[in-house]
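K.L.:
So the sequences go chain by chain: A and B. Residue numbering for the first sequence follows this note's numbering, starting at 1 and increasing by one per position. Residue numbering for the second sequence follows this note's numbering, starting at 1 and increasing by one per position.
Just so you know, not all the hints are guaranteed correct.
With a Cα cut of at most 20 Å, we get these calculated SDA-like pairs of lysine to any residue [unchecked claim]: (1) B/47 / B/180; (2) A/103 / B/96; (3) B/49 / A/85.
Please keep in mind that the hints were generated in silico from the structure rather than gathered at the bench. Nothing here was measured: the structure is a model prediction, and the numbers come from that model.
There are 2 protein chains.
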Amino acid sequence: MWIDPFLISRKMRESIDMLNIVQVVGYKNSGKTTLMKQLIQYFSETKVKVGTLKHHGHGGDVNLPKGTDSASQFEAGSLISGVQGESITQLTFHNLEIDELIKMYTMLPIDLLLVEGYKRADYPKIVLVKNREDLSLLDELSNIIAVGTLDSALMIDIGYPTFDLNNLDQNITKLASYITDK
Amino acid sequence: MWIDPFLISRKMRESIDMLNIVQVVGYKNSGKTTLMKQLIQYFSETKVKVGTLKHHGHGGDVNLPKGTDSASQFEAGSLISGVQGESITQLTFHNLEIDELIKMYTMLPIDLLLVEGYKRADYPKIVLVKNREDLSLLDELSNIIAVGTLDSALMIDIGYPTFDLNNLDQNITKLASYITDK
Chain A
1 MWIDPFLISR KMRESIDMLN IVQVVGYKNS GKTTLMKQLI QYFSETKVKV GTLKHHGHGG
61 DVNLPKGTDS ASQFEAGSLI SGVQGESITQ LTFHNLEIDE LIKMYTMLPI DLLLVEGYKR
121 ADYPKIVLVK NREDLSLLDE LSNIIAVGTL DSALMIDIGY PTFDLNNLDQ NITKLASYIT
181 DK
Chain B
1 MWIDPFLISR KMRESIDMLN IVQVVGYKNS GKTTLMKQLI QYFSETKVKV GTLKHHGHGG
61 DVNLPKGTDS ASQFEAGSLI SGVQGESITQ LTFHNLEIDE LIKMYTMLPI DLLLVEGYKR
121 ADYPKIVLVK NREDLSLLDE LSNIIAVGTL DSALMIDIGY PTFDLNNLDQ NITKLASYIT
181 DK
């Protein structure tokens, strides 16, 4: 039997390339969390296996419940503490760069990773704008595929496909196509 | 420049092989959680980068705090929900086979993975026994490197290096050497 020497490396590369990654970014109260939830539901219903990653942007920290085994192992010096329960596994670790973090997601059986936040990362982005001032984001950020807004007055002359977040139920299929076809 | 076609595959393989994995197993109340903590502290102090994984064996589930973004995304259908805070990241997902889970750990900068539980997995094991009945574990389990017990009467004729968990402070260096040198 002839074994392709590139097989393992190609398999590895393909698994990273084949994970479709899209970001939802915008300032506070621009509608990110709601849009994320709508997209998760839409894709789950269409049998796309979705994973999510959220940057907790309010200066807070993730809550590691005191007294749990995970907290106790983490405090003792474990750099990554994992607990597997009856149906759910939870891993807790010190922050990594987003690219390193995404390598962990490539080990899981998902097709699409929706990322909330991390404006400065370079993955394809849906940018949410809530007023005219927010439009400066469109000049600052890379790799924009669509723009969403709660203010329909902003839906002219933006230069990107634009979606009214108030009527997203009617347009989510179209927005989803920008994610799957890009 | 000549590029070794096996380079990426070898790098991948090495990163998996080079993660030292050791399990701590035993029945309930045999001292697993305490030994895990002692080992984490010992290795952290000796600059070994430790990660941990615990199988929550009491029929309970991992607690996913209601009302958090992570819980909300998970309930909406996300198969893996991650939240990055100021210093800590937490990933929540449906259980995987232990070998798949360990692939995620290989993406992180750790040298040693201490696994609590998963008796039937095949990684090198420290088996904890609390009474004579527990000794049957030594016939049932694979890949045993050492035995620990809180009952010094069990420390004869076991056929494996055996450690008194009551006096572990004095012997932890020796136990650790079974982990690092195996």
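K.L.:
Does each hint hold? Answer for all of them.
P.N.:
How the hints compare with the structure:
1. Annotation: proposed proximity of residue 47 of chain B to residue 180 of chain B holds, straight-line Cα distance about 13 Å (limit 20 Å).
2. Of the supplied pair hints, the one linking residue 103 of chain A and residue 96 of chain B holds, its CA atoms being roughly 17 Å apart against a limit of 20 Å.
3. For the hint pairing residue 49 of chain B with residue 85 of chain A, the CA-to-CA distance comes to about 24 Å; that exceeds 20 Å, so the pair is violated.
Taken one by one, the earlier hints fail for this structure only at number 3.
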